[in-house]
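Visitor: Protein chains in written order, with the working numbering: chain G, 4 to 778; chain H, 17 to 318.
Please keep in mind that the hints were generated in silico from the structure rather than gathered at the bench. Some hints here could point you the wrong way.
[Stated by the list, open to error] Below, in silico cross-link-like pairs of lysine to aspartate or glutamate (DMTMM-like), each with a Cα-Cα straight-line distance of 20 Å or less:
#1 G/Lys359 with H/Glu224
#2 G/Lys747 with H/Glu224
#3 G/Lys359 with G/Glu400
[To be verified] Residues of chain G clear of chain H, computed beta-carbon distances all greater than 12 Å:
#4 Gly214
#5 Pro387
#6 Phe692
#7 Lys767
[Stated by the list, open to error] Between beta-carbon pairs, the in silico distance windows are:
#8 H/Glu60 with G/Glu606: 28 to 34 Å
#9 G/Asp587 with H/Gly81: 43 to 49 Å
#10 G/Arg673 with H/Ala86: 32 to 38 Å
#11 G/Arg673 with H/Arg98: 53 to 59 Å
#12 G/Glu598 with H/Ala35: 41 to 47 Å
#13 G/Arg673 with H/Glu80: 57 to 63 Å
#14 H/Asp165 with G/Gln86: 28 to 34 Å
#15 G/Asp640 with H/Asn48: 46 to 52 Å
#16 H/Asn48 with G/Arg673: 22 to 28 Å
#17 G/Ala336 with H/Asn280: 33 to 39 Å
#18 G/Arg673 with H/Ala136: 39 to 45 Å
#19 G/Ala345 with H/Leu284: 38 to 44 Å
Backbone N, C-alpha and C define an ideal beta-carbon position, used for all residues, glycine too.
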Amino acid sequence: MRPDRLVPILLVTLSWGAAARPLHYDAVQEPAVVACDKQSWRGQREEAMACYRQLQQRSTDPAVQAEAAWALGDPREANRWFQEAARQRPEDPDVRVRWGDLYTDTYQNEEALKLYREALNLDPKHSYAGVGAARVLAEGFLTESWQYLRPVLEDEHSHGHTVADEAHAGGHSHRGARIQGFLLQAWMALESGDRKETLHVLDSVTTLAEGSDLPQLEIYALRAALDLLDGAEDSPWIGKALAENPGYGDIYATPAHFFWINHRYRESVALYEKALAIDPENRKAEVDLGINLLRDNRLTEARRHLEAAYAADPFNPKSVNTLRLLDTLEGFATVTVPEKPAPGGFPRLAFRLDKKESPALRAYAGELASRGIEQFAKRYRLQPKETVVIEIYPNHEDFVVRTVGMPGLGILGATFGYLFAMDSPTAHPEPDYHWGTTLWHELAHVFTLEASRHTVPRWFSEGVSVYEEWRHGPIPGIRIPIETFQAMAEDKLLPIEELDGGFIRPSYDSQVQVSYTQAGLVCEFIAREFGEEKLVDLLYAFDYKVATPEAIEKTFGMNAGEFDRRFGDFLDREYRNALVFKLDLWKKALAMAGEAFEKSDWETASEYARKAIEIHPDYAEGDSPYLLLARAESEQDDAQAQYEALQTYFRKGGYAPEALAQLAEMAHARGEKAEAIRVMQSLNYARPFDEQLHSRLGDWLLEQDRPREALAEFEVLLALEPHDRAAALFKVASAWQALGDAAKTRQYLLRTLDIAPHFRPAQKLLLELTQPKTE
Amino acid sequence: MRRLLLLLLLTICAAPSRAEFHGVIIEGLPGNQEYAEQFRAQTEALQAAVQGMGGKGRVHLLREGQAGKADVQKLFEGLAQRLKPGDRIAIYLVGHGSYDGFEYKFNIPGPDLNGVDIAALVNGLPSRKLVLAIPGSASGALLELLKDDGRRIVITGTRSGSERNATRFGGFFAAALAEPAADVNKDEAISVKEAFEYAERRVADYYETEGSLATEHPQIAGDDLAAYHLARLGGERTEDDPRIAGLLQQREALDGKILQLQLNREDLGEEDYFTRLQDLMIDLAEIDGEIERLRKDIQDAP
């Protein structure tokens, strides 16, 4: 049984085996501890353990006892000793820093941050505390991290301990903190994909470390990551690290992490496996291996590793969360398309769906994904070599755990290769979630990742997906949020070479959203200026050592700067001149329309909504002036104007479900049946569990002599287990009758009458079906 | 399911009842304009449903200044005199309730009605066929007190007294009484069971669509829920024509046979069951068709 709640995790009495304690770079000064540590860093495991045990027997210093207990795999005991040390030495920031390090190592970042901050209160220039705080914040991708890291890197701090440096053995305690700081900086640079910066920082840290007896293993691991990411089969840094410490599993686990970050999950799995082969106690690597195996759809192996890691290290929330997720997945239905593939072939699609949602979702998701695969295969010149697996989660946190192993992330879908996971509409009851568009977006990632052997940069993969939403998705239309126009006005769009950073380490609140749209606009620009084929050429230009500037040069024969200039011209032409310069005016018109709306001053609301539309006719987001206009016109009894506003909104890619349902009803009432059906069908990609929608749409389709499609709608209606089951069964019977299948018609009619014997329409159809026609 | 069918069978086999149907509607204090409109709409829907069942004279409505405690007690004293044990009565308390952990109160002008008051009112009625619906906030506090071991049907809008927010259930319940989609068996009448289940589902859908935690969980207690009708979708109908009366008798007999078949379903194969059902359904369809035709003729006659 696993705990229901995962965080915070208390330090319970379980021993988690003697997993290596992280390198501390002289954050610990006690010579007896350092002597044991050096054995540990050299991979002399047994000797090191004996050394720590001796410390436990001999030392009276609670901080030393804490270090020994931690190294021997007893974090609870270590926690108790640090508590005692802090009680005895309340003014000593070193104790708090190491205590914070223990919390970081046991996944309790909030507690750790509190301790680092306490240490900084005691000594505002404590470098190790600064790096510790920066590390914790960087894990959450928080820009505040830099505030703590910068003073350490820029050497503003005078010392790393409250005791003056020269008093320390070796006198390099401050150096140790700076090494930690540079390693963190290099890690972040590589996470952002900035290899040049990573290398530069690693050179700096190497210079700093050389001449000291501090370990360089983590520097080697990052250098190995750089080599392997660039396509090398091996790296000299691996041999160097293993020569120093044959059991140093992170020499593989660190590169594995960066392959993971770069969506190269299969290579990541192989590296984690190597890490575990030489370092079987490396439970963090084992958890990450489990999570990556899941991404490769290898559920059984994933569970085996996660359970092993959980047994040894029950504190890791990622393993607990992911195991719980696997339990949830056991209750899902698996649906393949086609149900039975040709002999020797594989299904085109496999869905894992919540059993309750499966009947409604599989119909529309299957159709949409099949259509997508067909289109993408042609457009991106790639026939899928495996089944595309799609998991749709009704619980957002389950989906997020599936994605990163931890809850609390605001994304809608994530693609790992041939497998992607996404939220179902149940996970997002708010009306602006369009699951069909999310599916289309993620499916595009499958093709960009596979076509580029997972070397495509983040910005381009996202850009193509956004472009696909706009051009070919279930509700086409270029939807640009106002934040992007704001960023254009403030000149905040990033050069193409730096666009990945906008996704990974944003520097302002809406930058991730802005970066998505910018990436989509870049792809739109390429398709319009050079043709869609060039978009595909660019996709194939990326490779292990071919990053954005080289790929652009190769595809367009211009450098990245020139490309940026041309893109800037495109934005000027399309948006800046027409809209960005009038952004304030547009906002004001929209605000005035909104104010008038609130006061039920419909005439004024119409007037200002029209002004906003005139400035920016393509704006079809949730606060679109078309919606205000439609309502205001409706209140003024101008059905024609209301209809036109809603229709334009729909054509621009708007998808507010209530508005579209209204549009569909109006179109139907006006006799524009095909349009009504088209609008209503689009709603299936937003509200697939709406009984009324399927009932109405099925009726309209039947009216229009489209019984096959009507039947599909009625079958979904029935699967939703409506309150009025007899009516739903009768609709299915009617569709079968229209299709000329008397046996099915009878079957559904009798099921109808079994519930509702006096249901006159069903009775009449039964008589019609069973009684011979008389002349 | 089998139990329900048996109960229905008993109902159908019993002699047709000529008992009266009474509807009592007490509209409480709304507190603001929004609730005033909501309560008014509920009252009107309930009133129409009662009228459709048994004529205007049998609707007993107290609202606004006339819905004080004394007025309510006076009304019930009169009903206690007038009703016979076989008469049916549906009592609706439309409005807000409150619960302080000890005592439930239904908010009306002047002193509120508490749980003991309400129990005394219904206990004083001779009718054995009583439905009491209190769909508002905190009404769940009354369920145990009023349910009388299943001898009467009690409906509350919440699970307990601690669900204190204003409820949606009452609006959906009142709407169900005129809603064809609530008529699950398509007999053109809405039973307590149909109305409750329809409204319960609409409440659940509402909170699911809103993405918020449900603050109300409607409850029901009592027996014969499917056999107790609260509304007739076609409105009030008098069946004086002897031809129709004869057909209705034939129809009741057929309904009984259908129910009997449904009870024996487990002993029959799927195809056998549906073949037999089809035969009965054809007969029923012909009789219903004839009743429909006669009613139309009567309606169209000058």
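Visitor: Confirm or reject each hint.
Guide: Going through the hints against the structure:
1. G/Lys359 with H/Glu224: holds, 14 Å
2. G/Lys747 with H/Glu224: violated, 34 Å
3. G/Lys359 with G/Glu400: Roughly 18 Å separates the two Cα atoms, so the pair holds.
4. Gly214: holds, 60 Å
5. Pro387: holds, 35 Å
6. Phe692: Non-interface label on G/Phe692 violated, nearest chain H Cβ at 9 Å vs cutoff 12 Å.
7. Lys767: It is violated; G/Lys767 is separated from chain H by about 7 Å at its closest Cβ, not greater than 12 Å.
8. H/Glu60 with G/Glu606: 28 to 34 Å: The hinted range 28 to 34 Å holds for H/Glu60 and G/Glu606, with Cβ atoms some 33 Å apart.
9. G/Asp587 with H/Gly81: 43 to 49 Å: Cβ of G/Asp587 to Cβ of H/Gly81: about 55 Å, so the range 43 to 49 Å is violated.
10. G/Arg673 with H/Ala86: 32 to 38 Å: violated, 56 Å
11. G/Arg673 with H/Arg98: 53 to 59 Å: holds, 54 Å
12. G/Glu598 with H/Ala35: 41 to 47 Å: violated, 60 Å
13. G/Arg673 with H/Glu80: 57 to 63 Å: violated, 43 Å
14. H/Asp165 with G/Gln86: 28 to 34 Å: Given a distance of about 60 Å, which is not inside 28 to 34 Å, the answer is violated.
15. G/Asp640 with H/Asn48: 46 to 52 Å: Given about 28 Å between the Cβ atoms, the range is violated.
16. H/Asn48 with G/Arg673: 22 to 28 Å: Given a distance of about 39 Å, which is not inside 22 to 28 Å, the answer is violated.
17. G/Ala336 with H/Asn280: 33 to 39 Å: holds, 34 Å
18. G/Arg673 with H/Ala136: 39 to 45 Å: Violated, at about 58 Å.
19. G/Ala345 with H/Leu284: 38 to 44 Å: holds, 41 Å
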